[in-house]
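Asker: Just so you know, the sequences run in chain order A and L. Here the first sequence is numbered in my numbering, starting from 333 and rising by one per residue. Here the second sequence is numbered in my numbering, starting from 184 and rising by one per residue.
Hints are computed from structural coordinates only; laboratory data are not their basis. Be a bit skeptical, because a hint or two may be false.
Stated by the list, open to error - Now the stretches of chain L that chain A is said to cover, found in silico as 3 or more residues with beta-carbon under 8 Å:
1) 185-194
2) 208-217
3) 327-339
4) 355-361
5) 454-468
6) 478-491
Claimed, not checked - Okay, derived cross-link-like pairs now, EDC-like style, lysine to aspartate or glutamate, Cα gap no bigger than 16 Å in a straight line:
7) A/K567 to A/E412
8) L/K250 to A/E479
9) L/K185 to A/E412
10) L/K240 to L/E228
11) A/K567 to L/D376
12) L/K237 to L/D221
13) L/K240 to L/D221
14) L/K382 to L/D361
15) A/K567 to A/E413
16) L/K253 to A/E479
What the hints assert, rightly or not - Residues from chain L shown here face chain A by an in silico Cβ test under 7 Å; the list is partial:
17) I365
18) V406
19) V505
Each residue gets a CB set at the ideal place from its N, CA and C atoms; glycine is no exception.
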Amino acid sequence: MAAAAENKSVGLRIFSTGFVIFWLILAAFPFVWTLWGSFKVELDFFSIANWTNALTGAQTEKVYGSPFTGTGYEGAWVQEEFWRAMLNTAVVCFFVVCTSLTIGTLGGYALSRSGYRYTFWLLILALIFRAIPQITLVSGYLLPFFEWNVWGLLPTSIIVLVAINQPFTLWMLHSFFQKIPKDLDESAMVDGCTRFQAFRHIIIPVMWPGVITTGLFSFLLAYNDFQVTALLLAKENQTMVPKIASFLGTTQTEGNVMFAVASVVSATAPLFILVMFFQRQIVSGLTAGAVKG
Amino acid sequence: MKHSTFFWFFLPTALAMLLFIAFPIVSVVTQSLHTAHDQVIVEVENCGPFGCTKEVKVDTEATAQLKAEKPLGKWAGLNIYFDRSHLATAEVAQAWRSKKSFGEFFSSITNLPFYRAMSFTLTYTFVVTPCLIILGFMIAVAVNALNQKLKGIVIFFSLLPMIVTPLIGSLILFWMIDSRGILGNALQWLAGDPNLSLKASTTLTWIMLMVYGVWHAAPFAFVVFYAGLQTLPQDTLESAMIDGATRWQRIRYVIIPHIMPLVTFVALIQLMDNFRVLEPIVGFNAEAHATSLSWIIFNDLSGETRLLSSAATTSVLTIVGVAILLSPVLVRTWRDFNRKA
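Looking at chain L on its own, in the form it has when it is part of the complex (with noise of 0.2 Å):
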C-alpha cells in the first residue's frame, strides 16, 4: 500500500487518538504544573461613628477575572508533585528519621494517601492477575472434559461475570455480603460471629475487593484458554501417552506450554486492566480502607470543588506507574522487533 493511501484511509482514526488520547496526556502533565490562584485580597477601611478600622476580604470580581484571564491557574513547577497529597517527601523524610523499624516506618508511609493508594493498586494487581489465571485455566481445563452439548450453556453463564458492568457486578456481590445479605449471613453463621461485618475491618474489604476481581475476570482466562485447549496438537499428546506420562505431566509438560504464549497474553491485558481499578471501590463502598489510585483522581474531580491540579498530578503519576509497569513487556517486543528484522 502506498504512502498516501495509508495516510488518508488512517488520518480519521489517528486525528481521534491524537486529540483525545494524546493531547489529554500533555494537557495533564501541564495541569499538574500549575496550581488554583489565590484569592485576590484587599484591605478596606471602614469608617464609622467610633473610629475607622481596617478590614481585610476577598476580592470575588477580581479573583473571578483572574481565572477568566488565565484558566490554567499559577505556575507551581513540582511543588503539587512533592506536597502531603502525593509524593510527600516532607512527610516521608520525617518518618524515615524518626523510624524504630521498617515495620512502623511502612505503616506510617502507608497513612498517607498517595502511598496508601498505590499500595492496595499493587497489592489487588499482583494478587489478582495469578489468581484469576490459575482459576481460568482450571475452569478451561474442566469445561473441554465435559460432553459437547453442555460445553455451549457453561459458557453462557461463565460469560456473565465478565460481561456484566463492573459497577453493576460489585454492586450485586456487595448487596449479597452486607451483614443482612445472604453472604454475609452465612459468613456470620460460619464464623459464629453474629456481629461480623465484611465492611469493618480493613484485611476483610480487601480479601473481598480481590475476590471480587478474580470473579469479574477469570472468565476472560477462560475463554482465551479455552480456546488455545481447542488447537492443541493430539498427537503430541497421544505420544506423551503412550510414553507413560500421567495426566498431570500432560497437563505440566504438553499442555502448559502450548498455552503459555496466551497466559503472556492474559497476564499483560488483566496487569493494565486491574492497575486502573475503580469501580469495586465505588461499588463496594470501600474507599474507607481501601483506595486505589484512580479512586484519588475520581475523587479529586467528582467532588465539589473540582480539585484538577491535584487529579492531574495523580494522572501523571500513575501514568508513570503504568510505563513501569509494561516496560519489560515493550522491551521485548522491541527486541524481538529487532531479531526479525
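Okay, chain A solo, but in the shape it has when bound (with noise of 0.2 Å):
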C-alpha cells in the first residue's frame, strides 16, 4: 500500500484523515462523556442551566463541595447491591464460558473432520437456528419452566445461554478447526491414538488460539444478554444487564438517575478492559467466518 499512499493528493489525504478523527469522536465520545458525568450530581449530569455545569461540575460542587462525588456509585453498589448482579453476571458467564467451549469444540471438531454430506446440511441448519430472534424462544421456555419450577434459577439461564450460543459457536470453530491439517490427527491415529485422545492431546493444544477466541464471543454474548436473563432471572438472581432496566423503571425520584449511570459505567469498565486486551482476538474472530467466504 506504500506505493499508493506515497501518490495521494493533500485533499484526499486531509478529508480522509478527518473522516477517521470524526468517526473517532463519534465512537469514544459517548463513553468519555457519561464516564466523565457519572461523578457528578443528576442537576450537573442534565444542565437545563447551562450545559458546561456537566463540564465544571458547579451543582456537585454545591453540594458536596467538591466537582467529583461517588455518590451515584455509592447507590448503585451499596443501596441498590449493584455487587450481587455483578456477581451473577460472573457466575453466568463463567458457566456459560466453559460449557459451550466444552461442547462446541466436540462437535465444531466432528464437524470439520467428517466429510460426508450431513455436516453441510447440519451447518445450515445452525444458521437457521442462529437467525431465529431470541425472545421467541423465551416465549416458548416460560410455560415448561413454570411448570417444572425452575423458572428464575441461575442453572436455566445458563443452560439456555449455552444452546442459544451454540450455533454461532459451532460455525466460528468449524472455521478454525478447518484452518488444521487433517494430517495432523490421521497421523496420530496412525501412531495408535483414539478419535477423542487424537483430539485431546493433538488438536486443542494447536487449537489454543482458536479457543481462546471463540470463548472471548460466549462471553461477549452471556454479558451482553438481555432478552434471556431480563424474562427467566427472578429479582434476586437479576444479572447486571436486566439489572439496569429495573433501575430504569424507578428513575423518577432524584438520584436514581445517576445510580443508572454509574452502574452503566460499572458494567462497560470490564468490556473496556476486555478489548484492550484481546483485541487482535476479537478482530480475527470476527473475520474467522467471513474470510472464507
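Once you've looked at the hints, go ahead and assemble the two chains, each given alone in its own frame, into the complex.
Answerer: Here's what the structure looks like:
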C-alpha cells in the first residue's frame, strides 16, 4: 500500500484523516462523556441551565464541596446492591463460557473432520437457528419452566444461554478447525491414538488461539444478553443488564438516574479491559467466518 | 470420520440445540393455538331476610384447578392469529372497504399494534443494514490509508460501540440526546427551537433509533471489510493504476468486487440481527413512537400477567418473517451446493 499512499493528493489525505477523526469522536465521545458525568449530581449531568455545568460540576460543588462525587456509585453498589448483580453475571459468564466451549469444540471438530454430506446440512440448520430471534424462543420456555419449577434460577439461564450460543460457536470453531491440517490427527491415529485422544492431545493444544477467541465471543454474548436474562431470572438472581433496566423503571426520584449512570459505567468497564487485552482475538474472530466467504 | 464417532462427538451440542431451540419452537406453535381458560362462573343464591337474590361470581378454586390440570389453556385454533392484536383480519378488511385513498388505508393499518411493529421493524432493518455497510466500508478504506502505528488505537476505539451491551449503549446515547443532555442541547441550539425534543416526535424517534443502530453495528462491518482489504491483490491494483484508473475507478472496479463476498456476509448477519431489534427501544424508552415485533413479545411476557398465548402467536409470526427474509439466501446456498455436488 506504500506506493498508493505516496501519490495521494493533499486534499484527499486531509479528507480521509478528517473522516477517521470524525468517526473516532463518534465512537468514543459518548463513553468519555458518560464516565465524566457519572461523578456528578443529576442536575449537572442533565443540565437545564447551562451545558458547561456537566463539565465543571457547578451543582456538584455546591452540594458536596468538590466537583466530583461518588454518590452515584455508592447508591448503586451499596444501596441497590449492584455487586450482587455483578456476582451473578460473573457466575453466568463463567459457566456459559466453559460449557459452550466444551460441547462446542467436540461438535465443531466432528463437523470439520467428517466428509459426509450431512455436515453441510447441520451447518445450515445451525445458521437457521442463529437467525431465529432469541425472544421468540424465550416465549416457548416460560410455560414448561413454570411447570417444572425451574424458572428464575441461574442454572436454567446458563443452560439456555449455552444452547442459544451453540450455533454461533459451532460456526466459528468449525472455521478454526478447518485451518488445522487433517494430517495432524490422522498421523496421531496411525500411531495408535483413538479419535478422542487425537482430539484431546494433538488438536486442542494447537487450537488454543481459536478456542480463546470463541470463548471471548461466548463471554460477550452471555455478558450482553438482555432478552433471556430479563425474562428468565427472578429478581434476586438478576444479572447486571436486567438490573440496570429495572433501575429505569424507578428513575423518577432524584438520584436514581445517577445510580443507573454509575452502574452503566461499572458494567462497561470490564468490556473496556477486555477489548484492550484481546483486541487481536476479537478482530480475528469477527473475520474468521467472513474471510472464507 | 465414521458415522458412530461423529455421532458421539456431536451428541452434546445436538442435544442442547434440540432441547432448547427446536423444542421451544414446537412449544411456541402449540401455545399459540391455545388460549387462557375462561374463569369458572357459578351462580349463588343469597337468601336474606328480604328474599333471595341470585348472584354470579367467579369460582376461584375451580379456575385454579382447571389451570393446574391443563396449564396450556383451552384450544383456540387460529383465533389468536386473527384477533385485533395480531393479524387483525377483520379490522384490515374494514379499513380496506372504507378506504378513500391508499394513504388513508395505510395509516389506519399502522394503528394496529402488529402492523405498527412490522412497519418499524422492516424500516429499521432495511435502512440500517445498507447504511452501516456504507459507513463501515468508508471507515475501513480511511483507516487502511493510515500509518501503521495509529491503526491499532483507531481499531480499539472503533470496536467500543459494537462490544458494549446494546441496552447500555442505547442508554448512554439516550442520556446524551435528552433535551437536558449535551446532544439534545446542541440540537436545540442548531434548530433555534428551545422546546425541541427528540422524544416527542415519531419521525425524530425513528431517526434516532436508526442512527443508534448504525453506530452500534458499523464497527462490525468495518472490521470485516478492513480484514478483506488486507488480502487485496496488489498486482491487480497496480495494473489498474498503470492502465490509468483513477482512485475512484480503482475502488469501484477492483476493491468493491474483491470484498463483495464479505458484503453479502455482513448483510446476512445484520439482517438477522436488525430484524430482532429490541434493546434500543427499551433503552430509548421509545415504545410510544416505535415498537418492533420483538418488543411486542417482550411486552407481553414481562407484564404483571404474562400473556403467553399472545406472545407465542407473535413469535410464530416473527419466525415466519425471518424465514421469508432468509429464503433468498437459503435457496442460493442450496443451488450452490447442488452445483458443487
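Asker: All hints, please: hold or fail.
Answerer: Status of the hints after comparison with the structure:
| no. | hint | in the structure |
| --- | --- | --- |
| 1 | 185-194 | holds (count 5) |
| 2 | 208-217 | holds (count 5) |
| 3 | 327-339 | holds (count 7) |
| 4 | 355-361 | holds (count 5) |
| 5 | 454-468 | holds (count 7) |
| 6 | 478-491 | holds (count 7) |
| 7 | A/K567 to A/E412 | holds (12 Å) |
| 8 | L/K250 to A/E479 | holds (11 Å) |
| 9 | L/K185 to A/E412 | violated (55 Å) |
| 10 | L/K240 to L/E228 | holds (11 Å) |
| 11 | A/K567 to L/D376 | violated (43 Å) |
| 12 | L/K237 to L/D221 | violated (21 Å) |
| 13 | L/K240 to L/D221 | holds (13 Å) |
| 14 | L/K382 to L/D361 | holds (8 Å) |
| 15 | A/K567 to A/E413 | holds (12 Å) |
| 16 | L/K253 to A/E479 | holds (11 Å) |
| 17 | I365 | holds (6 Å) |
| 18 | V406 | holds (5 Å) |
| 19 | V505 | holds (5 Å) |
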